[in-house]
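Trainee: Sequence:
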Amino acid sequence: MLLVLLACSEPALPIVARWQADRAAAEAQIRAMPPVERALAIQALARAAPGETLELCEAAPDEATRADCVRINNRPHLRQELDEVPSASERVRPAPGPPSDRLPVPPPLEHDWSRGAEPACDNDACRTAAARERATRGDWPGVLGACAALSADKWREDCYFQAAEHAARSLGAVAYPDASRLCHLATEFRAQCQGHLANELSHRPSESVAVIGELWKEYPAFRDTYLDLYWSEHAMSLFKGTAEASDHPEAERYYRMERALARVADADVRPLWPEDEPGEDQFPAMRVRAVGRRAWSSDPAIDERICALEAEGAAKRPSRERLAAGLDDPEPVVRWT
Numbered sequence: 001m002l003l004v005l006l007a008c009s010e011p012a013l014p015i016v017a018r019w020q021a022d023r024a025a026a027e028a029q030i031r032a033m034p035p036v037e038r039a040l041a042i043q044a045l046a047r048a049a050p051g052e053t054l055e056l057c058e059a060a061p062d063e064a065t066r067a068d069c070v071r072i073n074n075r076p077h078l079r080q081e082l083d084e085v086p087s088a089s090e091r092v093r094p095a096p097g098p099p100s101d102r103l104p105v106p107p108p109l110e111h112d113w114s115r116g117a118e119p120a121c122d123n124d125a126c127r128t129a130a131a132r133e134r135a136t137r138g139d140w141p142g143v144l145g146a147c148a149a150l151s152a153d154k155w156r157e158d159c160y161f162q163a164a165e166h167a168a169r170s171l172g173a174v175a176y177p178d179a180s181r182l183c184h185l186a187t188e189f190r191a192q193c194q195g196h197l198a199n200e201l202s203h204r205p206s207e208s209v210a211v212i213g214e215l216w217k218e219y220p221a222f223r224d225t226y227l228d229l230y231w232s233e234h235a236m237s238l239f240k241g242t243a244e245a246s247d248h249p250e251a252e253r254y255y256r257m258e259r260a261l262a263r264v265a266d267a268d269v270r271p272l273w274p275e276d277e278p279g280e281d282q283f284p285a286m287r288v289r290a291v292g293r294r295a296w297s298s299d300p301a302i303d304e305r306i307c308a309l310e311a312e313g314a315a316k317r318p319s320r321e322r323l324a325a326g327l328d329d330p331e332p333v334v335r336w337t
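In this text, residue positions in the sequence shown follow the numbering used here: the first is 1, and each later residue adds one.
Calculated directly from the structure, the hints in this document are not laboratory data.
Errors might be hidden in some of the hints.
[As the list claims (entries may be wrong)] Label-pair restraints from in silico Cβ distances: (1) 22 <-> 332: 52 to 62 angstroms; (2) 280 <-> 250: 19 to 29 angstroms; (3) 93 <-> 35: 47 to 57 angstroms; (4) 22 <-> 93: 27 to 37 angstroms; (5) 64 <-> 174: 24 to 34 angstroms; (6) 152 <-> 321: 49 to 59 angstroms; (7) 282 <-> 320: 23 to 33 angstroms; (8) 17 <-> 247: 57 to 67 angstroms; (9) 247 <-> 116: 23 to 33 angstroms; (10) 301 <-> 321: 13 to 23 angstroms; (11) 277 <-> 327: 17 to 27 angstroms; (12) 329 <-> 277: 18 to 28 angstroms.
[What the hints assert, rightly or not] Pairs of lysine to aspartate or glutamate, DMTMM-like flavour, derived with a Cα cap of 20 angstroms: (13) 217 <-> 110; (14) 154 <-> 52; (15) 154 <-> 122; (16) 240 <-> 252; (17) 316 <-> 266; (18) 240 <-> 268; (19) 154 <-> 118; (20) 217 <-> 207; (21) 240 <-> 266; (22) 316 <-> 268; (23) 154 <-> 165; (24) 217 <-> 250.
Note that beta-carbon positions come from the ideal geometry of N, C-alpha and C, so glycine has one too.
My request is simple: use the sequences and hints to build the entire structure.
Mentor: Below, the structure is given as structure tokens:
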């Protein structure tokens with residue numbers, strides 16, 4: 001009976017209710033369970049409280065359950081409650097660049113895949129693993145069949161999300177159009193999914209940039225935004241030593257920022273400019289390490305000064321003197337920075 005209850009959909013599982021009422025007692029109960037029941041209990045709890053159950057993962061009886069538990073707890077988007085389907089968002093500002101550090105939600109991308117067979121599984125962790133494996137082979141109907149078999153909307157959507165990531169990781173830029181279609185099926189998470197695709201493909205801009213531009217060519221605002229996101233991810237990968245350098249004309253201003261950050265010990269890039277305040281949309285904006293924004297200038301000398309200020313602002317102990325020097329700059333965009 002316990003196996004049946006644990007395999008059912010959330011939220012009223014007995015072990016979940018026990019954990020919510022008394023975590024220590026629930027953990028003791030889980031550790032005393034036979035391996036199969038313990039695996040199902042840990043899967044149920046990870047899905048009921050993602051981000052709060054990481055310590056339980058080490059009690060998993062097998063590596064697959066442990067990896068599934070850790071994966072769920074380390075995916076921040078799963079901590080949000082599913083609400084209504086987000087609407088597509090486009091840039092509306094006079095100067096180029098994103099109006100905030102939030103990723104835009106892309107427009108719909110249709111697919112013509114038929115649903116493939118469900119995997120021979122009896123739990124969501126196994127079904128999601130099957131979807132990831134099928135994605136690495138470009139078996140899109142198979143991904144649909146595996147993810148559609150999951151027990152709840154959140155986990156179906158994350159299943160498509162994970163499948164998209166694994167397709168890009170395994171197949172490279174050639175998989176980007178179909179991986180983006182999987183991201184669309186991730187509904188509530190489709191903006192975050194696009195962010196992960198940019199990261200997965202950041203190592204080879206010679207292959208990826210043209211594919212991204214082609215997919216979004218009918219949506220210029222999204223094309224520009226996702227290429228901006230891509231270059232910020234690529235520059236980060238390059239300076240970590242995991243990507244090939246590019247001579248693309250867009251690459252240099254992203255490299256310029258990373259060179260400035262490399263001169264600062266323990267730089268902490270965070271959203272210093274999360275969204276446009278009145279009048280700030282006059283400055284061209286670009287992403288920094290995917291999570292932040294900065295103003296920029298097409299004049300390399302001016303842009304160097306902006307980067308120096310941004311890097312100083314990312315330092316743990318920024319120099320007030322260096323920051324104050326920017327207030328005397330002849331360029332408005334530098335003084336504003």
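Trainee: Verify the proposed pairing of residue 154 with residue 52, using a straight-line Cα cut of 20 angstroms.
Mentor: Within the cut-off at roughly 17 angstroms; holds.
Trainee: Given the range 13 to 23 angstroms, decide if the beta-carbon distance of residue 301 to residue 321 lies inside it.
Mentor: For residue 321 against residue 301, whose Cβ atoms are near 21 angstroms apart, the range 13 to 23 angstroms holds.
Trainee: How does the Cβ-Cβ distance of residue 282 and residue 320 compare with 23 to 33 angstroms: does it lie in that range?
Mentor: holds, 27 angstroms
Trainee: Measuring from beta carbon to beta carbon, are residue 22 and residue 93 in 27 to 37 angstroms?
Mentor: violated, 51 angstroms
Trainee: For residue 316 and residue 268, compute the direct alpha-carbon distance and say whether it is at most 20 angstroms.
Mentor: The hint holds at about 7 angstroms.
Trainee: Would the hint linking residue 217 and residue 207 be met if the CA-CA limit is 20 angstroms?
Mentor: Roughly 16 angstroms separates the two Cα atoms, so the pair holds.
Trainee: Within a Cα-Cα threshold of 20 angstroms, do residue 240 and residue 252 meet the stated pairing?
Mentor: holds, 16 angstroms
Trainee: So the hint says 47 to 57 angstroms: do the beta-carbon atoms of residue 93 and residue 35 match that?
Mentor: holds, 56 angstroms
Trainee: Please work out if residue 240 and residue 268 have their alpha carbons no farther apart than 20 angstroms.
Mentor: The hint holds at about 15 angstroms.
Trainee: Should the hint that residue 280 and residue 250 are 19 to 29 angstroms apart at their CB atoms be regarded as holding?
Mentor: The hinted range 19 to 29 angstroms holds for residue 280 and residue 250, with Cβ atoms some 23 angstroms apart.
Trainee: Residue 22 and residue 332, beta-carbon distance inside 52 to 62 angstroms?
Mentor: holds, 59 angstroms
Trainee: Has the given pair, residue 217 with residue 110, been kept, meaning a C-alpha gap of at most 20 angstroms?
Mentor: OK: residue 217 and residue 110 at ~15 angstroms, within 20 angstroms.
Taken one by one, the earlier hints fail for this structure at numbers 4 and 9, listed in ascending order.
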